[in-house]
Amino acid sequence: MFALLVAQNIAFYIIAALMVVGALRVVTCKNLMHAALWLVLVLAGAAAQYILLASEFVAITQVLVYLGAIIVLFLFGIMLTRAKTGTDEDLDNKKSAKFIGGGIAVLLLGLMGYSLIDGFKDTEFGNLMVQRTAQVSDSIFSTYLLPFEVLSILLLAALIGAIVLARRD
Amino acid sequence: MTLLIASFAPPYWLSTLIKVLVISAVVPTTALILGMVFLFKIMSWMQSRLGPQEAGPRGTLQLLADGVKFLQKEDIAPNGADLWVFKVAPLVVLMSTLLLYVALPASMHLVVADLDVGVFFVLAIASLSVIGVLMAGWSSANKYSLMGALRAAGQLIAYELPMVLAVIGVVIQAGTMSLNGIVLAQNNGSIFGWGGIGFPYILTQFLGFFIFIAAVQAELTQPPFDMPVAESEIVSGYQVEYTGFRFLIFFLAEFATAFAFAAIAAVLFLGGWAVPWLPTASDWYYVLGPMVLFAKVMIVSFIIFWVRFTYPRFREDQLQSLAWKVLIPLALVNIVVTAVLKVVL
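Top line first, the protein sequences correspond to chains A and B.
Heads up, the first sequence is in our numbering, so the first residue is 1 and it goes up one at a time.
Heads up, the second sequence is in our numbering, so the first residue is 1 and it goes up one at a time.
In isolation and in its complexed conformation, chain A is listed as follows (with noise of 0.2 Å):
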């Protein structure tokens, strides 16, 4: 268990550093299709740590949605509109609206960081089991039957909406 433990700790540091560089990145770079990429890469150290907390229907379905679906229709809509290679100057906000941002990430932080020590205190990596797919579906159709059809609905509404708002006729 302990070299488990070891092994799991060394993989999250990697990957964290890889996706702290890669979100960095995304609202550093000065081309917009580079900074779709990095987000590729942000995504999938998501998935990835999903995989480390033995969560691998979380974990796919990350995979699946963001990378398969949402940034290939951001790449989509991207080529669609200001595809140019090399830089792009002003690809750029102004200083008050960096300020307001870093402020508002710096908040996140302490915020999502003090939730997290605080909810999961001296819990390690090694205590949690690995979360089986039939038992998230168990679940979800039983005990959270009623949320998870409402969700449902709401998104299905979202559907309806979004096709009548590009309805033409």
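These aren't lab readings, by the way, just hints derived from the structure by calculation.
Since we're looking at a predicted model, the values are computed, not measured.
Yeah, the Cβ is synthetic: ideal placement off N, Cα and C, and Gly gets one too.
Any given hint might turn out to be false.
Facing chain A, according to a computed beta carbon distance under 7 Å, are these residues of chain B, among others [claimed, not checked]: (1) I42; (2) A113; (3) D116; (4) V117; (5) F120; (6) F121; (7) A124; (8) S127; (9) L128; (10) V130; (11) L134; (12) W138.
Given chain A, work out where chain B should sit, using these hints.
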């Protein structure tokens, strides 16, 4: 012999090393086999011509010669290209192909990772190659490339849905998402109490099989869905600026992905690595499993390449309406019928 293989239990690092080596050997081999058998031999047979004859006995080594030729070529990148993205793009496509092989079972234990949700993993990973295609198309700084990449993205997004929905019918019937579980369910099943041929899901999920194969064809950007690389309209789409070994990587990835998808179809609909006359727990499957799977893969590949060689290209709007107006509604009907029958029977 078989018992000896069955009792082989290496330590973690050694088994990981073996798995990595096997996968990196299997992927180019499968691409070579499909290219040699179908692209050269079957295609020329269907089109009433000789095909390659010179390299090796009856031209069987032609693809190896082509591979060596590609490796010798100069590695050229266009002047305005975004070099870094341009060079990484083929590797992203190849990585998605390599990851596909991770979940494929060649027998009960001959699998890199026997995932609980194998089907789900495979479908998620298959959607990653689009990122590589978009990267390639954009970074080439060429309008044909860009248009090819846009077409590829639109096509792959549209056909991912029918693919996922077609698989759901099988998952409902088998009651599991594990690829090995689906194989076991088919070979230990019986048709109204008669277990002569097990219960291959192609019998009940024929519609799902048809939709799956059509979607695979589109995901591979093969004719009749080859608008992203349509050489007569946009020269070669996103591949137009690639030469030498970078082009070779695209080629390898395309054919290895075709093999992987054919293997997934064989597992989902044809009973995978097992034959119904031999119990699935038998040790013989350490040797027989890969052979049985290979034979089934060849049957599915034949269908895929048969369509590829004989149908002309669709128009872009026909492609989209086929996906959204025909395949997706059919797949949804299939899911509803399967779910109702599963509960009733």
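Right, here's what the structure says about each hint:
1. I42: 32 Å, violated
2. A113: 10 Å, violated
3. D116: 5 Å, holds
4. V117: Result: holds, 5 Å to nearest chain A Cβ.
5. F120: Nearest chain A Cβ about 5 Å off; hint holds.
6. F121: 5 Å, holds
7. A124: Holds - the Cβ of A124 (chain B) comes within 7 Å of chain A, reaching about 4 Å at its closest.
8. S127: 3 Å, holds
9. L128: This interface hint holds because 6 Å falls under the 7 Å limit.
10. V130: 5 Å, holds
11. L134: 4 Å, holds
12. W138: 6 Å, holds
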